[in-house]
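For chain A, the structure is supplied; the task is to place chain B on it using the hints.
Number of protein chains: 2
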Amino acid sequence: MAEEKATTEEGTVFVGNKPPMSYVLAVVTQFNSGFKEVSIKARGRAISRAVDTAEIVRNKFVPNAKVKDIKIGTETLTNEEGRTTNVSSIEIVLSME
Amino acid sequence: MAEEKATTEEGTVFVGNKPPMSYVLAVVTQFNSGFKEVSIKARGRAISRAVDTAEIVRNKFVPNAKVKDIKIGTETLTNEEGRTTNVSSIEIVLSME
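Top to bottom, those sequences are chains A and B. Under my numbering, read the first sequence as residues 103 to 199, first letter to last. Under my numbering, read the second sequence as residues 103 to 199, first letter to last.
Mixed in with the good hints there might be a few duds.
One copy or two, it doesn't matter: identical chains are merged, so the pair holds either way.
[As the list claims (entries may be wrong)] With a straight-line Cα cutoff of 20 Å, these simulated PhoX-like cross-link-like pairs (lysine-lysine) come out:
| # | residue 1 | residue 2 |
| --- | --- | --- |
| 1 | Lys173 | Lys162 |
| 2 | Lys120 | Lys170 |
| 3 | Lys120 | Lys143 |
| 4 | Lys138 | Lys168 |
| 5 | Lys162 | Lys138 |
| 6 | Lys120 | Lys168 |
| 7 | Lys173 | Lys120 |
| 8 | Lys138 | Lys170 |
| 9 | Lys173 | Lys143 |
| 10 | Lys138 | Lys120 |
For the record, the hints were derived by calculation from the structure and aren't laboratory data. Bear in mind that the values here come from a model prediction, so they are computed numbers and not experimental data.
If we strip away everything but chain A, and leave its shape as in the complex, we get (with noise of 0.2 Å):
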């Protein structure tokens, strides 16, 4: 993953359940360390305060970042007793350029 990183010159920040700045300010943060990308990855219900974060880090820290990209999917996760549900996934890519 950090190779990976280190590859595609792109960020990523993983959106769970704080307030959506708390994800907003780790977005900054990264593109002001240099990465051109920043990509935001969040499932189930914290996929809304994805979008949050992209259009609050657009609209108001970072006005030259672009939506370069949306992926939506599905992943299948298996709880302790190895019932397995199905969440919905979102990957929004930002990129300065």
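For chain B alone, coordinates are given in the frame of chain A:
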């Protein structure tokens, strides 16, 4: 709106707070009624449900549907007291082609 649909051959489903299967059924119905594209739209917390809807349609009901485009944005809402709030939005376009 009805004219636009006829021109673009695109149906639209607005995702709200009902269970995802309600919206899955709506999307499948639009495809079956002849639309080549169906646009799934949501705002705020319903964004996660819009992604669920698109994924369930693709994985379970319309295997040849592809994600043609995903757009995110910010809409400004004004409440009864005249105060404005920003809310994130998503549009996922599924295509049969």
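Okay, the hints, checked on the actual structure:
no.: 1; hint: Lys173 to Lys162; in the structure: between (23 Å within a copy, 18 Å between copies)
no.: 2; hint: Lys120 to Lys170; in the structure: neither (25 Å within a copy, 31 Å between copies)
no.: 3; hint: Lys120 to Lys143; in the structure: within (14 Å within a copy, 25 Å between copies)
no.: 4; hint: Lys138 to Lys168; in the structure: within (11 Å within a copy, 29 Å between copies)
no.: 5; hint: Lys162 to Lys138; in the structure: within (18 Å within a copy, 37 Å between copies)
no.: 6; hint: Lys120 to Lys168; in the structure: neither (24 Å within a copy, 32 Å between copies)
no.: 7; hint: Lys173 to Lys120; in the structure: neither (22 Å within a copy, 24 Å between copies)
no.: 8; hint: Lys138 to Lys170; in the structure: within (11 Å within a copy, 25 Å between copies)
no.: 9; hint: Lys173 to Lys143; in the structure: both (10 Å within a copy, 16 Å between copies)
no.: 10; hint: Lys138 to Lys120; in the structure: neither (25 Å within a copy, 39 Å between copies)
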